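Residue numbers (this note's numbering), protein chains in the order written: chain Z, 46 to 486; chain A, 46 to 486.
A hint or two may mislead.
Note that identical chains are pooled: a pair holds if it fits in a single copy or bridges any two copies.
What the hints assert, rightly or not - Below, computed lysine to any residue pairings styled on SDA-like, alpha-carbon distance capped at 20 Å:
1) K70 - V365
2) K390 - Y139
3) K418 - S304
4) K418 - T314
5) K142 - G428
6) K119 - S312
Note that these hints are calculated values from the structure, not bench results.
Predicted model, so just to flag it, every value in this text is computed and none were measured.
As a plain string of letters, each chain reads:
Number of protein chains: 2
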Amino acid sequence: MAIVEPTLPGGFKDYLPEDMIPRQKLFDGIRTVFERFGFVPLDTPCVERSEVLTGGDAEFQKQIFYVSQPGGDKDSTALRFDLTVPLARVIASYGDKISRPFRRYQIGRLWRGERQQAGRYREFAQCDADIVGVAGMKADAEIIALMDSLMTELGFDKYLIRINNRKILNGLSEYASFESEKTNTIIRIIDKLDKQPWSEIESELKEKVSLNDTQIEKIKAFTDIKGEKQEDILNALSKLFWEISIAEEGISELREIMSYLDAMGVSRTSWTIDSSVARGLGYYTGPVFETQLLDLKEIGSVFSGGRYDGLVSRFSKQNVPAVGASLGIDRLFSAMETLGLVEKKKNVLQALVLNFEPKAEMKVMQIVSILRKRGINSALYQGSENTLKGQLSYAVKEEVPFVVIVGESELNENIVLTKNLGTREQVKETLDECIERIIKG
Amino acid sequence: MAIVEPTLPGGFKDYLPEDMIPRQKLFDGIRTVFERFGFVPLDTPCVERSEVLTGGDAEFQKQIFYVSQPGGDKDSTALRFDLTVPLARVIASYGDKISRPFRRYQIGRLWRGERQQAGRYREFAQCDADIVGVAGMKADAEIIALMDSLMTELGFDKYLIRINNRKILNGLSEYASFESEKTNTIIRIIDKLDKQPWSEIESELKEKVSLNDTQIEKIKAFTDIKGEKQEDILNALSKLFWEISIAEEGISELREIMSYLDAMGVSRTSWTIDSSVARGLGYYTGPVFETQLLDLKEIGSVFSGGRYDGLVSRFSKQNVPAVGASLGIDRLFSAMETLGLVEKKKNVLQALVLNFEPKAEMKVMQIVSILRKRGINSALYQGSENTLKGQLSYAVKEEVPFVVIVGESELNENIVLTKNLGTREQVKETLDECIERIIKG
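Please build the complete structure, drawing on both the sequences and the hints.
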């Protein structure tokens with residue numbers, strides 16, 4: 046039989062144990078915080094009906110992966126590319142089986158057929174937390190408080206949650222007197238202000254959306270809004286959008302969120318109002334949030350979300366308000382690696398029981414089973430090294446904290462030799478003493 | 046826009062929170078035991094090259110799900126249908142980056158396009174633990190000890206791990222003097238002996254594989270082997286397969302496993318030798334194991350495995366011995382439900398803070414954030430009920446253990462009213478006392 050190349054398709058990736066051990070710790074940490082905020086887990090299939098995923102929108106054609114059986118229909122089912130559409134489907138289909146408000150989290154894999162580039166994968170993991178069924182801003186504030194808690198618990202200290210409201214951006218056309226159809230293009234242009242000088246933004250506004258000088262001046266006044274304090278920014282926005290009701294509504298929602306964040310003790314240094322935040326234009330209907338790592342601004346937001354009150358409109362005529370946020374695990378994990386927040390571990394062993402003395406063969410098997418019964422992650426050495434020395438160097442290479450040694454003399458005396466590979470200390474002792482030592486660590 | 050039906054493709058399934066909460070607990074329990082036995086987590090993509098998955102074998106055509114992008118190659122990539130082939134690919138491709146022996150576990154989803162039937166899904170989860178790189182029977186014994194520990198820790202008390210060796214079955218043709226090509230068919234026939242009377246088995250052996258009376262008599266003597274004690278069965282097998290070297294080798298391996306299981310304290314009541322166990326014929330090369338739930342025999346094995354020394358032969362000329370076992374989560378979980386081993390929970394909340402007194406609005410937000418900082422899973426009531434009574438019945442319906450109530454009088458006195466919904470006891474107390482009460486549970 047011909048040998049098959051053991052390779053992966055482009056854009057897919059293995060997680061070997063030394064990546065997977067800290068990744069799993071990260072997932073556990075995320076779950077703990079989500080549950081502390083009262084979110085419950087939901088799981089949905091990776092494969093959905095294509096129509097459910099795309100809503101018939103041809104734009105998704107570039108990104109989608111279809112799933113088919115030989116001879117079957119080639120495009121009726123596909124791999125999910127987000128966790129929000131499956132949530133909407135669940136909300137639309139289970140009715141009363143799901144009580145509202147529904148605070149759900151979901152951790153899962155997604156697939157997107159993006160053009161391959163460094164650090165971008167076609168299969169990746171995402172963690173979403175959403176509150177479904179609450180129209181008021183308390184829910185938005187809770188999502189922001191969750192983002193803040195999670196960033197802190199994961200060990201980040203320099204981050205900024207930037208908050209805006211789509212309703213303010215939707216007021217721009219009235220404020221600067223341009224046709225509302227131009228709004229999205231204009232937002233996309235001014236979104237680049239952190240990378241480009243104003244002169245370039247100005248030319249783009251002239252060329253791409255034919256704004257005149259008065260209009261451009263108004264846009265400039267909007268983008269110039271800065272402030273040390275959240276109140277200052279909100280007051281400046283209020284002044285600018287005076288009597289533009291949609292924007293005023295947005296500003297007042299942000300004021301409400303501010304008061305709730307204060308009540309929940311979310312530090313004012315963790316977040317700000319930033320009127321340049323837009324977050325994927327078509328989707329959101331109210332407040333939007335993103336999280337910037339201040340030492341790694343170039344990687345973009347690691348934890349983002351917002352309010353999207355049209356959640357289930359694809360599936361039902363119900364009106365269901367919702368707000369939530371998504372955490373991209375791969376980007377977050379790689380940021381944590383860069384910032385030294387990841388402890389790499391090659392294995393999960395607390396103790397390795399060596400196995401070099403033929404007379405002690407049954408004894409060491411018994412010992413390893415006792416260690417396990419006492420809750421110690423442990424294994425019997427079963428590699429190809431037959432000597433104490435060879436097995437010890439394996440343990441050192443694998444960074445096992447403790448080795449348990451039973452040679453002929455230990456066997457005769459019914460004791461073990463416990464060796465701490467960190468301190469290089471070694472002690473002859475009873476198995477009970479050894480177990481206590483390993484548990485203490 | 047037309048409304049899209051919020052339905053799943055046939056054979057796929059959602060896990061709503063009340064299923065997902067205990068499922069997650071199950072996954073956590075499995076991980077804990079796997080790690081206690083020194084297994085490290087590995088993760089591989091759900092999508093692999095089709096050639097990697099099938100090795101070019103056309104037989105998989107019926108089961109495979111291809112993954113393709115619009116306009117792309119339709120069958121070059123597919124969803125994985127087991128976790129063993131990805132393990133083999135990893136072993137073949139990372140060389141020294143993976144130290145041997147490699148004890149890895151993997152928990153993941155698989156897809157198989159099986160004909161739809163009740164309780165069978167096309168997407169399902171599986172947990173595998175394998176030891177790669179150990180030829181000796183100690184590894185097989187460790188896998189069996191792992192199976193035994195896990196079954197016990199999950200709460201099963203009536204189960205039986207049935208152990209056999211493919212080498213014994215491979216000795217059948219020499220023992221009963223039939224052509225070795227008939228072995229697989231004959232095994233498949235006698236495998237039905239627990240459901241069919243001997244007379245039917247006998248006719249099948251005559252009709253399907255043309256065995257004569259002497260041959261059939263020999264087969265009967267083999268299937269008649271029973272025994273209270275493991276030794277008795279092994280001795281009977283030894284007598285039957287006298288000087289049939291492949292079978293003798295298999296029997297001696299089982300004796301070795303028995304001595305290791307004894308050394309590891311695995312109770313003799315947890316396992317037996319059962320010469321009818323065959324486990325997917327082509328795959329295994331040595332000992333095979335399966336786990337029967339004695340109160341639910343009809344569902345088949347929930348945790349099965351064996352030795353397969355040809356692991357990486359598809360990808361390389363290396364000879365890599367391996368032994369492992371797979372746990373099918375859906376079957377296991379449904380068995381646990383039937384046996385009352387699953388605690389259904391609708392949510393993860395330890396406390397719900399009610400929110401009915403407008404004056405206390407900020408106070409209750411503050412309280413919920415303090416509870417969370419103290420590690421209590423908690424949420425603020427944000428549903429549509431505005432009264433104490435309405436919010437309380439929501440909490441009762443959701444089975445929340447504690448509610449924290451702040452009405453006008455509690456607000457003025459700077460205390461809270463803690464209500465235990467289990468005991469219906471309620472106490473006015475300070476927030477600190479309330480927190481202590483909730484933590485005690």
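Status of each hint after checking the structure:
no. : hint        : in the structure
1   : K70 - V365  : neither (34 Å within a copy, 31 Å between copies)
2   : K390 - Y139 : between (42 Å within a copy, 18 Å between copies)
3   : K418 - S304 : between (52 Å within a copy, 19 Å between copies)
4   : K418 - T314 : between (48 Å within a copy, 18 Å between copies)
5   : K142 - G428 : between (53 Å within a copy, 16 Å between copies)
6   : K119 - S312 : neither (52 Å within a copy, 52 Å between copies)
In the structure shown, a violation is registered for the earlier hints numbered 1, 6, in ascending order.
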